[in-house]
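Asker: Listed below, chain by chain, are the residues.
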Amino acid sequence: MPNEDESSEGALKAQLSSGITLVKRYVIQEVIGVGGMGSVYRARDLHFPSVVKLVAVKEMINRATDPLVRKTIVQNFEREANILATLNHPSIPRIYDYFSENNRSYLVLEFIHGKDLEAIINETDGFLTEERVLGWAIELCDVLSFLHSHKPDPIIFRDMKPSNVMVNPTEHIILVDFGIAKPFQVGQKGTMIGTEGYSPPEQYRGEAGPLADIYALGATVHHALSRRDPRLEPPFSFGERPLRKINPAISAELEAVINTALQYNPDDRFRSAEAMKEALVAAGRKTGILNRTRSATASVQSSVGIKPIWVFQCEDEVRGAPLYHQGAVYIGSYDHNLYSLNAADGKLNWKYATDGGVVTRPAVFEGDIFIGSEDQRLHVISARTGKVNWTYYTEGRVHSSPCIAEGHVFFGSDDQYIHAVNLSSGRAAWRFETVAPVRSTPFVAHDTVFAGCENGDFYCVDFRGEMKWHYKAKMAVTSSPCEANGVVYFGSLDSSFYALDARAGWVIWRFRMGKGSIASPYTSEGLVFIGSADGNIYAIDTHTSKEVWRFKTEHQVSSSPVVYKDALYCGSADGNIYCIEVHTGRLRWKFATKGPITGSPLVYDDIVYIGSTDHFLYTLLA
Amino acid sequence: MKPFFDRLRGKKTKPLSAQANVNTTPLLGEPIGMDSTRSSHIEPQQFISGCGQSIGKQREHNEDCLFAFSATTGDKANSAPLGLYIVADGMGGQQYGEVASSAAVRTMANYLLKRLHTYLINPSEGMEEPLQEMMRAAITEAQQAVTQAAPGSGTTLTAALVLGQQMTIGHVGDSRAYALRTDGRVEVLTRDHSLVKRLEELGQIPSEETAAHPQRNILYRALGQGEVLEPDIFTAPFPQPGFLLLCSDGLWSVLPDDNLYNLITAAPNLIGACQSLIAAANDAGGPDNISAILVQLIG
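Read top to bottom, the protein sequences are chains A and B.
Residue numbering for the first sequence follows my numbering, beginning at 651 and increasing consecutively.
Residue numbering for the second sequence follows my numbering, beginning at 600 and increasing consecutively.
Calculated from the structure, these hints are not laboratory results.
Don't take each hint at face value.
Said to hold, decoys possible - Restraint ranges, calculated between C-beta atoms of paired labels, are given here:
hint : chain 1 : residue 1 : chain 2 : residue 2 : range
1    : A       : P740      : B       : E800      : 35 to 45 Å
2    : B       : A736      : A       : K1001     : 32 to 42 Å
3    : B       : N861      : A       : I959      : 41 to 51 Å
4    : A       : V719      : B       : A736      : 31 to 41 Å
5    : B       : T671      : A       : A1086     : 52 to 62 Å
6    : A       : K957      : B       : S806      : 43 to 53 Å
As the list claims (entries may be wrong) - DSS-like mimics (lysine-lysine), calculated; alpha carbons at most 30 Å apart, straight line:
hint : chain 1 : residue 1 : chain 2 : residue 2
7    : B       : K713      : A       : K1124
8    : A       : K895      : B       : K796
9    : B       : K713      : A       : K1118
10   : B       : K713      : A       : K1122
11   : B       : K796      : A       : K1196
12   : A       : K1124     : A       : K1196
13   : B       : K713      : A       : K1196
All C-beta atoms, glycine included, are put in the ideal place defined by N, C-alpha and C.
From just these sequences and the hints, can you work out the full model?
Answerer: Next comes the structure, spelled out in structure tokens:
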């Protein structure tokens, strides 16, 4: 009977420590893998005293209490030994020995130098090249062909997945772990299946034939090319993750081969591993990968001659965002001016000069335009005449855009205050003191004001100017928050994107970006979008905090995205304004300006307005 | 909405009369349906819950496990209520199912309450760790506990951590979380990790065949199974006005959504509602263990 203590111990505790010698021959060196039934060790074979001969020792600890189950487990282990003993193929490890000791059984196998494919996928930054993956896939077809044509009965590997594929230093693959075959019972309450993700539908019914291995190979290659682990996704969902959408560098030819391997119905897949290999080779020839003659550069998405409807040139950089109001577009510039332009043709209505650069987005209320300037003031200008009505002084530059709500205008200043100014009197209702410049634009919802601060503080202030709660990010929150369904979102220079409970300030989730963000989020239909200095625009599911897609631009993104109809518009410091499909993250078009874009677009009535540091304001058809 | 001006001037809300203060949670009497628990006299906001469990009519063991905890420890400034509710449905040979579900629930409750301890004792401290990450870590702990306590067994796990208006749900398997709103909408918040559900999603089998499908009990994700576990974790607003229902498949597999709603709103209180749900599932044959937790936000 099994030892009760052992059965309740974790696998880690039961591991052999290094230095232990098994059957006076194999000295355990270290653990190289942990499986369901025990560990795999690297060991030295003492029968070769004058050289260091390394072997892999695979251990099986039988923890089952039921005699029938115990017997099945031993039979499975012996079957693995017997299968391996009859096979001779360069991609299959050789077996040297099989023995039992202290209620454990051991297989002694060829030690494979190298790394398993799962480790390679995880350790690689970015995608593996099509060339490498294609080479491995062809070799895997070879070894599957060999197994499937085994006499008298075909051998079905049944557990093809990246962690069972070793890649040796000469880039050849070796299939490891033939210890598959989990007993599978149908129908009884509580029956469960083992590893999900790589297995085809029929394997869940216990009907795994050669075509099941084809599917699992397709799944393995899909994982290697896409970096999306199928164990983290629902079963049979590869169709929802088209390879070229995730990794556009993959050829359509290879994608087609993988799609065929991953067909739901076995009959729709390749008829054999040999047929799949032929298709892979054909794809490799067509793309030139196997001819070693690289085809000309892949087709590049062009800007297909998009022409602006009109442009307007300021005297310096345009870093702010535009405002549309009653047939006019308002835009500030580093040249100190706020411009009012005719939205139809871009003709100047008027310009109003402040005494500092204008990098904020104007706001409008009852015929007045509100704009903050680096001259430390908030200016309130008649939209009709362009004449100033009143100004409000702060003691620092104003980089935060005005937000108008409930008869007040809210904005931050480098003087470290959030200001609430009464619209009818032009006087401060209150000032909320922080400890660093406030460049984030306040967001007002449900009687509360949210704003970030350059030292990383994020504040929730009530309408009396009293703090309700605050959260401290690790670095500056320049990002302007937005709120939806009781959750407030903002980015930080600390590389995190935060979702906080708007009432109490708890962190509901945070999302890691490659670098920090000073861009502001935009929410729409359960998604939140944010640009980052890592060059990406991210679309994140607001409920699950999972990345839905990311779009890579060529430089940092400090522009804040805007959704209009089914497209997202966002600028990048690479000089382009991008139009991206909201649900897929696919590029629809892009338009290149002559300088980095740091401001945010406005889309109104099917027209996109965007300023660039090349001094121009552009208008484009959405 | 009050004029903004009043707020700026610091006008405070009217103090409650002494009589209003003595009104507490309604316990028995009126059907809970709509209005009785939305009384404005209940303050602060709080979660109330009812639970019910039955072995069912065809099983020899109870392999379900549940946990319900509510607290309102905040002061005036930080009065958000807190609740933690967990349902687990164990499975596996012999009596391993109950070992698995109980290990999962105990480990998870222990882990989360430890993490929430600072907040419970000193609410003004706030919480640094994202709730979804806390939930993920708790499920990982529970997974390890199940693997050690009952190797080869497995359990479903559906947990709701509710703070204020937002609930963060962690889910593996085919137990369910429902949002039932008082306007009659019944929404399944979780996605069953069952093979049959997946085949239905793929259009491989029609919905009407799922209930009788021979493989309906096969899960593709369960705690204690597989090396890599990817739980579903998400945050959604608490159904208000309405109810949160967590239950094992012993309940939902025999009761249509409409019945759930009618039984709950016809009952005098949450405990009574859970009893009617369980009685109805047993009347429908009681093919499996039945567990239900019903939660409401009042005040």
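Asker: What are the numbers of the hints the structure violates, in ascending order?
Answerer: Of the numbered hints given earlier, those the structure breaks are 2, 3 and 5, listed in rising order.
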